[in-house]
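There are 2 protein chains.
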Amino acid sequence: MKLTKYIRGRQKLIDNKLKTLIPEANRFPSKIYQAMHYCIIGGKRIRPVLCMASSKICGGKEKNAITAACAIEMLHTYSLIHDDLPSMDNDDYRRGRPSCHRKFNEAIAILTGDAFLTLAYNILSEATKDADINNRIIKELSDVTGTNGMIGGQVVDIQNSKSPADLPTMEYIATHKTGALIAASCKTGAIIAKALRKDEEAIFKYGEYVGFAFQIIDDMLDNEGIVKIFGRKGAYNRARALVNRAKEQLVVFDKGPAYRQAGKKPLIDLADFILERKK
Amino acid sequence: MKLTKYIRGRQKLIDNKLKTLIPEANRFPSKIYQAMHYCIIGGKRIRPVLCMASSKICGGKEKNAITAACAIEMLHTYSLIHDDLPSMDNDDYRRGRPSCHRKFNEAIAILTGDAFLTLAYNILSEATKDADINNRIIKELSDVTGTNGMIGGQVVDIQNSKSPADLPTMEYIATHKTGALIAASCKTGAIIAKALRKDEEAIFKYGEYVGFAFQIIDDMLDNEGIVKIFGRKGAYNRARALVNRAKEQLVVFDKGPAYRQAGKKPLIDLADFILERKK
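Residue numbers (our numbering), protein chains in the order written: chain R, 1 to 279; chain G, 280 to 558.
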């Protein structure tokens with residue numbers, strides 16, 4: 001499927017906002033700002049678009065969610081930069097270009113990851129006008145990217161990189177390394193919209209299923225992980241089943257004002273996009 | 280000089296609190312929790328003690344500042360772990376024991392730094408009962424540890440590691456890499472105490488002078504940086520002058536209730552401790 005006008009529009013908004021949130025590349029010490037601008041280019045912005053679409057379906061204004069959405073993309077970007085390092089996954093390329101440590105050097109890559117991680121919380125502290133909401137989002141995102149989430153997943157991933165892991169281990173890696181931040185991206189949008197508890201839970205579950213599907217497709221693209229157990233067709237079927245379950249969660253939005261029903265389409269399109277995405 | 284009873288008491292409180300804030304070492308995946316507990320041991324806790332003493336002089340309860348104080352120690356610890364890495368300062372030892380990447384491995388060291396950085400903001404989001412204060416602290420600490428502060432200082436430091444830097448560059452490194460977080464530790468204590476603007480400014484300036492002195496003494500202990508320009512005696516005299524200026528800032532606390540005057544002693548002792556500290 002092709003990216004819809006809605007998704008492309010949000011990608012553009014996020015790209016533009018990210019540029020303004022990172023200090024200009026000619027500022028001293030320029031190397032770190034050059035590296036930040038280099039690394040932020042070219043992502044599909046799936047997590048921030050999910051955040052904005054989740055906020056919208058819950059009755060929020062998308063523009064109120066864009067700062068938090070950009071912080072989420074920064075957290076994702078930091079994790080990619082550190083994961084690519086020689087002592088971790090040792091990837092020379094990222095998004096078709098040399099990875100940060102190949103383009104600059106290892107020290108700058110470590111510091112650029114640290115800089116995105118730090119800048120994310122800096123902007124989250126002023127993400128909305130409501131201090132309680134900012135605190136809740138910071139708690140949520142630091143939970144899912146910490147040792148109980150993304151970092152935990154990466155630890156288990158590198159510990160199992162030499163021998164093939166069993167299914168529970170693979171599922172741990174998938175849900176923690178990737179799934180948790182995707183689910184939290186959706187939940188963040190709901191929190192900003194001051195969603196009803198029931199809506200927030202539905203959107204979070206949608207995010208969990210979509211996040212798990214995302215990791216399976218990732219494994220298929222890399223021919224790794226779960227594909228080794230279920231084969232390509234089996235893995236794809238699992239991902240499709242997860243995407244269907246994700247969509248089912250959105251049934252709660254059939255009731256209520258028209259914007260709720262209308263808000264389903266972007267989230268359905270995003271789920272389909274994740275299922276059909278290419279490298 | 281010896282550590283006073285006050286300072287030793289606060290160090291103990293902070294040590295105990297830090298242990299409870301880091302998940303137990305037997306939790307899955309245990310390697311990351313083992314590394315976190317290993318790395319948090321043995322610091323002098325200067326920054327968190329400054330935070331608590333600054334809060335106290337401004338009329339706050341020390342126990343209200345201890346969570347934020349521990350988060351500050353975590354931010355400091357993350358920076359040490361990443362700075363010690365082979366691609367950065369390449370230090371095999373830290374606090375008399377093998378550094379994190381020597382004890383564990385490079386990947387775990389990078390992730391342990393990331394974990395402390397993330398956990399710091401996690402606990403800061405609930406550091407006090409006042410959401411506005413939590414937001415302000417998160418903003419302040421992410422400012423001074425980001426590219427405008429600590430990370431910026433580290434970038435310039437590694438760019439100048441091969442040839443001796445000039446005085447303005449050294450001062451940039453000293454104020455950004457070390458001074459900024461020390462000054463912010465003091466300011467954080469003042470913010471938590473809901474200090475008057477004038478008090479907050481005084482305590483911040485005290486922290487700036489103490490932070491600069493701290494880096495000069497650090498350079499003397501490593502025979503690096505500013506010592507190469509001013510010699511050991513010249514550098515010590517500069518540090519002593521800065522400590523004197525730090526103490527002068529505390530004059531604003533001579534007016535008002537008795538706790539203000541009493542609160543000066545720990546801060547004067549801390550400044551003296553920084554001046555006379557050994558490795």
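Treat the hints with care, as some may be off.
[Unchecked claim] Below are the DSBU-like pairs computed for lysine-lysine, each with C-alpha atoms no more than 35 Å apart in a straight line:
(1) G:K310 <-> R:K44
(2) R:K129 <-> G:K418
(3) R:K194 <-> G:K484
(4) R:K61 <-> R:K139
(5) G:K484 <-> R:K31
(6) G:K484 <-> R:K129
[Said to hold, decoys possible] Listing some non-contacts, in silico: residues in chain R with all C-beta distances to chain G over 10 Å:
(7) P98
(8) K103
(9) A115
(10) I151
(11) V156
(12) K278
These are calculated hints, taken from the structure and not from any lab test. The model shown is predicted, which means the values in this text are computed figures rather than measured ones. Beta carbons: idealized from backbone N, C-alpha and C, even for Gly.
May I ask which of the numbered hints given earlier this structure violates, with the numbers listed in increasing order?
Of the numbered hints given earlier, those the structure breaks are 3, 9, 10 and 11, listed in rising order.
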